[in-house]
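**Q** What follows is each chain in one-letter form.
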Amino acid sequence: MPDLTPFWLSLRVASLATAVIVAVGLPLALVLARTRFPGRGLIAGFLLLPLVLPPTVLGYALLELLSRRAPFGLWLEQNLGITLVFHWTGAVIASGVAAFPMFLVPARAAFEDVDPALENAARLLGRGEWSVLLSVTIPLAWRGLIAGAVLSFARALGDFGATKMVGGGIPGATQTAALAIYDAVQVDDNRQALALTSLVATVSILALIVAQRSTVRKARA
Amino acid sequence: MSGPLLDVNLQWTPPGSSLTLDVAFQLDAQAAILFGSSGAGKSSILRLIAGLERPRSGHVRLNGDTLFESSRHINEPLRRRRIGLIFQDDLLFPHLSVAANIQYGLKTWPRVEREKRTAEVADLCGVGHLMGRDPATLSGGERQRVGLARALAPRPRLLLCDEPVSALDLAARDLLIDRISAVQRAEGIPMLYVTHSPVESVTLGSWLFRIDAGQIVDQGPPLDVLARGGKVELTGVDNRFTAVVESHDEHGRESTLHLNGGTRLVVPKQNTPSGQPVIVRIRADDILLARGMIEGLSARNVLPGVVDRVIVHGAEAEVLVKTGEIRWIVSVVTPALETLGLCAGVSVHMIVKARSCHVTAAASQEI
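Protein chains in written order, with our numbering: chain A, 749 to 969; chain S, 310 to 676.
Note that these hints are calculated values from the structure, not bench results.
Accuracy of the hints is not assured; some may be wrong.
To spell it out: a stretch of chain A is covered by chain S in this simulated footprint if at least three of its residues, at any positions, have a beta carbon under 8 Å from a beta carbon of chain S; those stretches are [to be verified]: (1) 868-874; (2) 883-893.
Pulled from the structure, derived: some chain A residues nowhere near chain S, Cβ distances all over 10 Å [stated by the list, open to error]: (3) Leu-759; (4) Leu-764; (5) Gly-829; (6) Val-933; (7) Leu-954; (8) Ala-955; (9) Leu-956; (10) Thr-963.
Beta carbons are placed, not taken as given, at the ideal position from N, Cα and C, and that holds for glycine.
Turn these sequences into a full structure, and let the hints guide you.
**A** In structure tokens:
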């Protein structure tokens with residue numbers, strides 16, 4: 749009987765990573781789409797770095813930032829009692845950072861597609877900024893936002909390098925499906941590798957279908 | 310309330326433009342027109358009043374409330390200005406139904422009043438039968454009427470119209486102009502209407518500002534200002550009336566229309582059933598004036614009236630004639646004014662051939 753623990757851990761890690769990505773990425777995408785300020789291009793470029801950096805490089809950078817050797821990691825541990833490195837929450841952060849651009853790029857494009865004149869029409873009808881955002885901007889951008897969330901979930905689900913560097917791939921603790929498949933192949937456990945591969949592939953393909961359906965309808969609308 | 314309804318003094322240079330807008334005007338008229346060619350700065354004035362752009366300096370006061378004043382650093386946010394704006398492009402919310410679009414500005418109203426007001430403006434704008442529809446399925450004229458209903462629903466203090474009919478075909482344009490005029494009067498909301506069309510100016514406005522290169526270069530009653538601009542700007546100013554088909558003759562050759570105020574007009578046979586609304590257009594050039602009654606005329610309509618005003622521009626003149634509540638525009642050559650002794654207060658007969666009356670059915674086109 750194959751051990752499905754890594755698969756459930758992967759689902760938990762990828763879901764939480766997606767939630768964090770959307771919570772952080774939504775306002776960032778909105779700011780990048782709607783405002784002009786000096787250094788905007790630089791910030792936008794920096795946020796896309798995970799897309800071009802090798803995952804191990806990204807993982808190493810995160811390790812250096814979050815471990816107790818680093819001031820930030822030490823501060824987290826001493827003041828908030830949070831240890832991220834070699835903990836499953838570290839895997840959430842690592843895969844979340846790796847998958848972040850997969851949400852940011854379509855979300856920013858979706859916000860840029862919303863005609864600002866519609867938002868002004870809403871303001872003239874007496875609505876405040878939050879109300880405009882919730883009743884006009886997000887409903888008009890939602891297909892792009894869903895597509896971005898699904899793509900980032902799929903990317904987080906399959907992350908290997910960054911998750912391995914930060915989480916360590918400890919079996920039963922931080923060993924996600926992608927890591928467990930590698931480990932199973934190393935010890936020639938084909939049944940385990942095949943079971944996890946099939947499950948991860950199924951979820952990823954489903955995610956791809958959802959993402960495509962939302963963008964196709966957007967193109968037709 | 311003391312002071313003018315709207316007091317505007319604005320200086321602004323649009324980004325990337327060499328034009329500098331510098332206008333100051335006060336408005337008391339219920340329906341005023343900002344008239345000028347494209348690029349003159351008319352739409353910019355509306356955008357500045359609405360708060361969509363920030364003026365470099367100046368002030369905007371509405372009913373004594375300061376909406377903008379550069380020297381006191383006042384710039385009211387859009388949501389607190391209580392100004393209704395209808396756009397060239399209707400800008401309906403594509404993800405909301407017609408009803409939800411109209412109700413959008415009524416979020417803070419109690420539910421019962423919100424429903425009541427929505428039904429009321431929808432009815433007034435002729436969109437009551439479209440409430441459940443998706444805006445994407447509507448015609449251009451329908452979309453603009455929904456936009457009008459949406460703008461009026463929260464009872465704005467001022468209605469700004471930025472060439473709302475310019476994207477429509479001629480028939481839909483006529484109907485929307487009538488609708489805007491009727492609705493604006495019914496609701497009693499002051500209106501500032503931007504257009505480059507003399508027809509719209511004369512039909513909708515009681516006062517007109519001519520804008521050129523970012524400045525107000527002339528103002529006054531619409532026909533007078535247009536006349537000062539020369540014949541070119543008066544071309545196309547026709548007589549346009551809403552009417553009801555009263556009867557059809559038994560031989561099926563002609564129909565009789567009933568205009569507001571009791572005037573009857575014989576026109577070629579119409580297919581529109583009796584009792585149905587129509588719009589009739591008669592070119593100002595197609596009407597003859599006579600001082601007395603003439604016997605044995607082939608023309609089917611001889612309408613008694615009184616000269617209201619005469620506007621002379623060079624060799625041509627526009628004579629405004631009132632029959633009941635209706636004001637007609639008749640074009641004549643200037644020498645005819647002297648021959649007939651035409652001036653305000655003189656009784657005349659207008660002679661209109663049935664075939665000069667161009668009739669379109671109002672109901673069928675609004676569907």
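**Q** Next, verify each hint and record whether it holds.
**A** Hint-by-hint comparison with the structure:
Coverage of the region 868-874 of chain A by chain S holds [criterion: at least 3 residues with CB-CB distance below 8 Å; count 7]. With 4 residues bearing a CB less than 8 Å from a CB of chain S, the region 883-893 of chain A meets the requirement of three and the coverage assertion stands. The beta carbon of Leu-759 (chain A) is kept farther than 10 Å from every beta carbon of chain S, the shortest such distance being approximately 32 Å. Against chain S, the non-interface label of Leu-764 (chain A) holds: every CB pair exceeds 10 Å, the least being about 30 Å.
For Gly-829 (chain A), the shortest C-beta to C-beta distance to chain S comes to about 43 Å, beyond the 10 Å cut-off, and the non-interface label holds. No beta-carbon of chain S comes within 10 Å of the beta-carbon of Val-933 (chain A); the shortest separation is about 48 Å. In this structure Leu-954 (chain A) is separated from chain S by more than 10 Å, as the shortest Cβ-Cβ distance comes to about 26 Å. The claim that Ala-955 (chain A) lies off the interface holds: its Cβ sits roughly 25 Å from the closest Cβ of chain S, which is beyond the 10 Å cut-off.
No beta-carbon of chain S is positioned within 10 Å of the beta-carbon of Leu-956 (chain A); the least distance is around 25 Å. In this structure Thr-963 (chain A) is separated from chain S by more than 10 Å, as the shortest Cβ-Cβ distance comes to about 17 Å.
Of the numbered hints given earlier, the model fails none.
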